[in-house]
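From just these sequences and the hints, can you work out the full model?
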Amino acid sequence: MGVLYRAHVLVCGGAGCVSSGCRAVQEALKSELAKQGLDKEIKVVETGCMGSCDLGPVMVVYPEGVFYRKVRPEDARDIVQEHLLKGRPVERLLYHTSQREIIQQMEDIDFFAKQRKVVLRNCGIIDPEDITEYIARDGYEALARVLTEMTPEEVIDVVKKSGLRGRGGAGFPTGLKWEFCAKATGRPKYVVCNADEGDPGAFMDRSVLEGDPHSVIEAMAIAGRAIGSNQGFVYVRAEYPLAIQRLKHAIAQAYDYGLLGKDIFGTGFDFDLEIRVGAGAFVCGEETALLASIEGKRGMPRPRPPFPANEGLWGKPTLINNVETYANIPPIILNGWEWFAGIGTEKSKGTKVFALAGKIANTGLVEVPMGTTLREIVYDIGGGILGGKKFKAAQTGGPSGGCIPAEHLDTPMEYDTLVKLGAMMGSGGLIVMDEGTCMVDIAKFFLQFTQDESCGKCIPCREGTRAMLDILTRITEGRGREGDIELLEHLGTTIKDTALCGLGQTAPNPVLSTIRYFRHEYEAHIREKRCPAGVCAALVHYEILQDKCKRCGLCRRSCPVDAIEETTEAELVAAGVGAAGADMQAAGASQGAISQPASSPKRKPLFINQERCIKCGVCMRECRFQAINRC
Amino acid sequence: MAKVKLTIDGREIEAEQGSTVLEAARQAGIDIPTLCYHPAVGPSGACRVCVVEVERAKTLVASCVYPVAEGLVVKTNSARVRNARKTVVELLISTHPQDCLCCDRNGRCELQALANRLGIRTERFRAQKPQREPDASSVSIYRDQNKCVLCGRCVTMCRDIQGVGAISFAYRGQRTLISPSFEHGVGEVECVNCGQCTKVCPVGAIVEKDETGAVWDALDNPGLTVVVQVAPAVRAALGEEFGMAPGTSVTGKLVRALHMLGFDAVFDTQFSADLTIMEEGHEFLSRLKSGGKLPLLTSCSPGWIKYCETFHPEFLDNISTCKSPQQMMGAVIKSYYAKAKGLKPENIFSVSVMPCTAKKYEARRPEMRASGVQDVDAVLTTRELAKMIRMAGIDFANLEDDDFDSPLGESSGAGTIFGVTGGVMEAALRSVYEIVTKKPLADLEFTQVRGFEGVREAEIAMGSTRVKVAIVHGLGNAGRFLAGLRPGDSPYHFVEVMACPGGCIMGGGQPLSLEQDVAEKRASVLYQEDRNKAVRKSHENIAVRRLYDEFLGKPGSELAHKLLHTTYGERARARVEEARRQAVIGAAGA
Amino acid sequence: MRSLAELEQLKRHAQKELGVRGIGGYCRATFIVHMGTDGIAAGAREVLLAILDELKRLGIHDCRVTQTDVTGFGMKPPVVDVVTPGHRVETYTGVSPEGVRKIVAESLVESRVAAV
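Chains as they are written, first to last, in this note's numbering: chain X, 1 to 631; chain Y, 1 to 590; chain C, 1 to 116.
Don't take every hint at face value.
Partial pick of chain Y residues on the chain X-facing surface, computed with a CB cut under 8 Å [what the hints assert, rightly or not]:
| no. | residue |
| --- | --- |
| 1 | Pro67 |
| 2 | Ala84 |
| 3 | Phe169 |
On the chain X side, residues computed to face chain C include the following (Cβ under 8 Å) [claimed, not checked]:
| no. | residue |
| --- | --- |
| 4 | Arg6 |
| 5 | His8 |
| 6 | Pro63 |
| 7 | Thr132 |
| 8 | Glu133 |
| 9 | Tyr257 |
| 10 | Leu259 |
What the hints contain is simulated information worked out from the structure, not anything from laboratory work.
Cβ atoms here follow ideal geometry from the backbone N, Cα and C, with glycine treated the same way.
In structure tokens, the structure reads:
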């Protein structure tokens, strides 16, 4: 304290930027600052995720708020000498729009400007390892108000009226859950945070824990007060070492400041918080499996009722919410339920964080008000489809969700409309697919995931997803049969109706929703043995377009399995290779001879031996004359 | 208990608050099919075969765990329900081996019955799973994981009820299996051989290690004298294997069948039960007098012995040094009987028929060779004996009664009740009381030690001494009981422990049953036989007295010790070292 | 943590540190030092450090010190712009480290009164 830094350089320390090398950038920056004698006037801060993961490593220089992206350690010299010393932002590191327009300020970039941050309010702005920075951002004020000015009933009332619904997937009203738990008679009671984020591609919970761990700690203490519990557990997956480290650090700091432990704010309220590390089973995100895992048992779900609110950890009343849900609590308390209920739609209040992934220009984390349309997210924030291709569908809700096709791009993203479309909010994964995506293949991908992650307890999930996967596999391998689509639908609806837990009950969704919107693609695979998107390897083949082929032999040399062979003109005609061959014959008939334009007459024609071809596509990439066709 | 009204299949039904839809339906005569539910292990909601439609519920619900509620409207037989159940079972059998014809459970398999009941006639989802070698590492239990339907009954039984936890679920998804730690054989881990898993497995995935082949071979070998002993609990349950109602006594038919199978002599383990009381009673009294280690813990149940050696070695000195009745009989056959008949021990093939799979293991303990060779050569479970009887074409239900052979076939009623929890204690009390007080007992039936409560205790005045006893059955109860006990400082003098819940009548080798009150019915057979006996106290068994007079001398004599007593030793818990090594390998791999 | 007041105090203190990031809202004045080549040659860097020192000496946290590469045509370097609320801009030219104290005092005089 006491030292006034004239500038703060905030280096994103989210796991995305860590993987792209932000730590080295930070080190380079610090040593350059020291070298220039600026280390006493400029502070380097590692923050949590700023959201724009595909631009990483990213950083923001304050007070100007200049945003740099894709920073390498060797850029540190220019940032220090040009920007921090002379005030000249380093242009080559600034953000460019797709129109090549340069943008200096973070808040002017569409990706950031169109978001509304409630959950991620502190991520990328504060140092997650410094509790005072959280306090500077109104941290722990909500807890103080709850403890000193509100009754537990009033707290629950505020949460209920805010309209907050669980952000873990199902969207159960949070206030109602708190009320059930408060009314439960067992003692002691527990507060649990589900940070076992497992949907492929979703990482909002990780970002909150890494970037703003105190918001979860504060919210859990508030929940403890509201339901009458003095013990909390955060269940984090072991795959999140940075989140665990920062949370540990934050919990220790909260204890140091008396914000956890005994007699918080002198009100006599005690609250202890411990971390439990999960070993990476997807099913442990299911609440009853998670509780079993905390108890030290194998993470297997059990039937409900009884619900955890009545019989949870060790058979005691347990409140379990996910990270994002908790992160909403302090601002709701501070700003009032009216404020929160004013954001979003009638039945889905507040904001939602989405993890944008797939064939989209800007990938990363975005937070928008509930009810924002898919179009706004994909085009205004996400910057549209990569390579100017056409949007085909978006998968929401990860392996439990479904796809939303182009005709529903203007659908508001809220719990109930998504369910109506056969998709679901889930934890907020949003995978964008373009016209080059095969929907059968995508369905197979998600089903493979749930099939692998099924805990093995109930038959519909364990055996049913496997049976569905078998059918999908044979469809994508060209062995699909008439009736397979109906069989998939039958299995899918039965699994939804009979599986023990949410994992199984939602596992068929990706298949059912792709059948719903893209049935013709399934039919093409089954009836025509054709993959319209050209993805399913068994259903595509490569052939040489003889009229374009220069017989240069490059393809032949690059083929890893020697599948490209020489032949004679006569054989070529006799074999009638593929559609191209037939066309040529037809053309030849009209011209009276087989044309061999522009190719070397000394070399023999080439063709692809289909039996040997492994469909790797190398020949097509190597060919300089677009003479190889994939169909 | 408060009652609630609900509607099942259009019928208004009253059910107890807190009961499940399955219980309510079955009480009303509506049978909902189940697979993972077993009365001995309770519901788990895993298999989804018992799903029913509940009005306003989003999905179907598992009736075995769904609680009844006032006004609940349930359909157990709608198209939606039938279709779901059928599909679930179709999925289950899609990877199940199709070798039903040569499966141990052929014709008695719950999955077979279920598939038949649900009308499954085609296979829509057949797929191949990678096959695994069956686990033949245990002398008691044979596991074929390929047949496992992952219902989890065996895991619940082993871990939650028996408190052993030798097997558990491992891996996920299609790789899920039930396995001992690190996929060891079940004979290489803490398994105590109680065989309760074999009793709850719905299919042929866990069965007893079959010894019928060895017994047939011995019977066919003219150079061997083949003798057999039969434990009390066998006669209380064997009839069930032949379609008789639980609770039917088949003692006479059992002896007849054994003679018909070709055994040279049919002896009664109840004889050596009486002998056990003589030795154990003597041991108890001498510990009581000389200030030896108390409480004395009974030693009849080999599963319990192995459990104590493995999990509670601090109590080994408390366990009676008496061998179990099976092993006493084995030792007596190859010494006293051999001498009387002029036979060499190695020319006798001694078979025992037991309600128990742990007896197979006990017979092979290195301590059990008092005669110089293995005292008991082969151990058949009740189920295996039934197989042999069927194989021999014997019309069991219509057999005439027959009597045990002398001299080792004589027994008192005290020996009979050994087969039910509390029976050993009651038998001991009958003798100890009379020895201590030197007065005849007015009422032989110690009803305070009877019943099926997991832990029972009683205090009996014997003259000036008050003897405090406890009865524990089921190893889970035993574990909890011992946890509350300190070896040197306990209020109890004498404690009976049986590994299996219910005692031997519910042993791991007994006929399988899905009935709720089968334990009570089997117990009633033994208590009735006790009442019918002329001699009801072990120390009044003439044949036992003659054995002492002619051969052993007195209870606790040197020869008695050599033949009838044994020692115990601490057993290593499963592979702690190995667990560490695996963890290191795992970490390095990650 | 014993009370809400204690938390408030900690918060105010912490916000001073984070004023640079616009956290805590209010900024009394922004000192913009012209760091063009001519400026640096004329001692702009020393002026910048002197501003920092002076703010530190006065214990003032809710000010920003930043720099620009703009060259003020016809102005005598070093040049310092002071922006105060309402976007009032005062430009000082030919600033020496010794003159900084006066600039700071003039810029903050109203605010200081308010702060006392």
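State the violated hints by number, sorted upward, taking the hints as numbered earlier in the document.
Checked against the structure, no hint fails, so every one of them is satisfied.
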